[in-house]
Amino acid sequence: MVSGGVLVACALSLLLVSCGGGSDDYEAPVAESGGGEVAVTTEGFIMVSGGTVTGGDKFSNNSWSSAFVNGRNVTIAAFYICDHEVTQAEYEQYCTYGIWQPDSFYGAGDNYPAYYVSWYDALVYCNKRSMAEGLNPCYTINGSTNPSAWGNVPTVGDSTWDAVTCNFSANGYRLPTEVEWEYAALGGAAGCAVANPTVYAGTDDIASLGSYAWYEDNSDTKIHEVKKKNPNGLDLYDMSGNVWELCWDWNTNTLNASTPVSGPSVSSGSGRV
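When you line the sequence shown up against the working numbering, it's residues 1 to 273, in that order.
Just so you know, the hints here were simulated from the structure itself, not pulled from any lab data.
Just to be clear, a hint being listed does not mean it is correct.
Said to hold, decoys possible - Between beta-carbon pairs, the in silico distance windows are:
| id | residue 1 | residue 2 | range |
| --- | --- | --- | --- |
| 1 | Gly44 | Gly210 | 20 to 30 Å |
| 2 | Asn73 | Phe168 | 12 to 22 Å |
| 3 | Ala207 | Glu133 | 39 to 49 Å |
| 4 | Phe168 | Ala207 | 34 to 44 Å |
| 5 | Ala78 | Asn256 | 22 to 32 Å |
What the hints assert, rightly or not - Capping the alpha-carbon separation at 16 Å, the derived lysine to aspartate or glutamate pairs in EDC-like fashion look like this:
| id | residue 1 | residue 2 |
| --- | --- | --- |
| 6 | Lys222 | Asp103 |
| 7 | Lys128 | Glu92 |
| 8 | Lys228 | Asp110 |
| 9 | Lys227 | Asp103 |
Virtual Cβ for every residue (Gly too), placed ideally from N, Cα, C.
Whenever a hint applies, use it, and build me the whole structure from the sequences.
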């Protein structure tokens, strides 16, 4: 779970990545952004151009950044990422909540981010949405990409579900890797290349943070609708603050120069990022 700002509630949400942008041969139009040219798909996805990032001390300014450690040279392929956290309306089109569901105390409504969503729930949502849109699902559990064959979503750690594999070549929806998330939050290649990457997604200035993020000082301890603050340099919203977002990687403190872009090569850990 990662976030570039202060939590306003103990909630988890989704930020989708698609390798194919909805079509193998889709060519996204180009729009101007504060961070340069970005490709915008009609489905609300942004194409993030790839690049190589050399980890180093300059990223230590970001207390939330852990992917770009010293000695780690990371080459990131281009990918599409949703410009907003998955909304409750989007999530409820394919999935139902478990014991807990969004409420009016924290924030409920079509344009609020989906929360009380577990990492296992996220796998189901990604594959269900991929299948509904005629895309190739990314996740396989127990030999199947069809969530209906996976059984009930676990409420505690489950070794079968933890053994899930991800086909990063499939054109369906998936969670971003930690590297992809941090790269996108920092503003892609341009944002990572500067001498001092921004502390928060979109700004370095604590005085202007309220224009970019919902956080402790301005949220009234509530979750807020997506896309109500300014985006970062890639036109991505709420990459700092509001709710935590889920990533693919295992949570580990052993990242080093040889850790692959797809995350730590471990079979278990203290949950997922």
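Structure-based check of each hint:
1. Our hint of 20 to 30 Å for Gly44 and Gly210 holds, since their Cβ atoms are close to 25 Å apart.
2. In this structure the supplied range 12 to 22 Å holds for Asn73 paired with Phe168, their Cβ-Cβ distance being about 19 Å.
3. Against the hinted window of 39 to 49 Å, the Cβ-Cβ separation of Ala207 and Glu133 comes to about 42 Å, which satisfies the hint.
4. About 40 Å separates the C-beta atoms of Phe168 and Ala207, a value consistent with the hinted range of 34 to 44 Å.
5. Checked against the hint of 22 to 32 Å, the C-beta distance between Ala78 and Asn256 comes to roughly 25 Å, which is consistent with it.
6. For the hint linking Lys222 to Asp103, the alpha-carbon distance of about 11 Å falls within 16 Å, and the restraint holds.
7. A distance of roughly 11 Å separates the Cα atoms of Lys128 and Glu92; the hinted pair therefore holds under the 16 Å criterion.
8. At most 16 Å may separate the alpha-carbon atoms for a hinted pair to count; Lys228 and Asp110 meet this at roughly 14 Å.
9. With a C-alpha separation of about 20 Å, the suggested pair Lys227 and Asp103 falls outside the 16 Å cut-off, and the hint is violated.
Checked against the numbered hints listed earlier, the structure breaks hint 9 alone; every other hint is satisfied.
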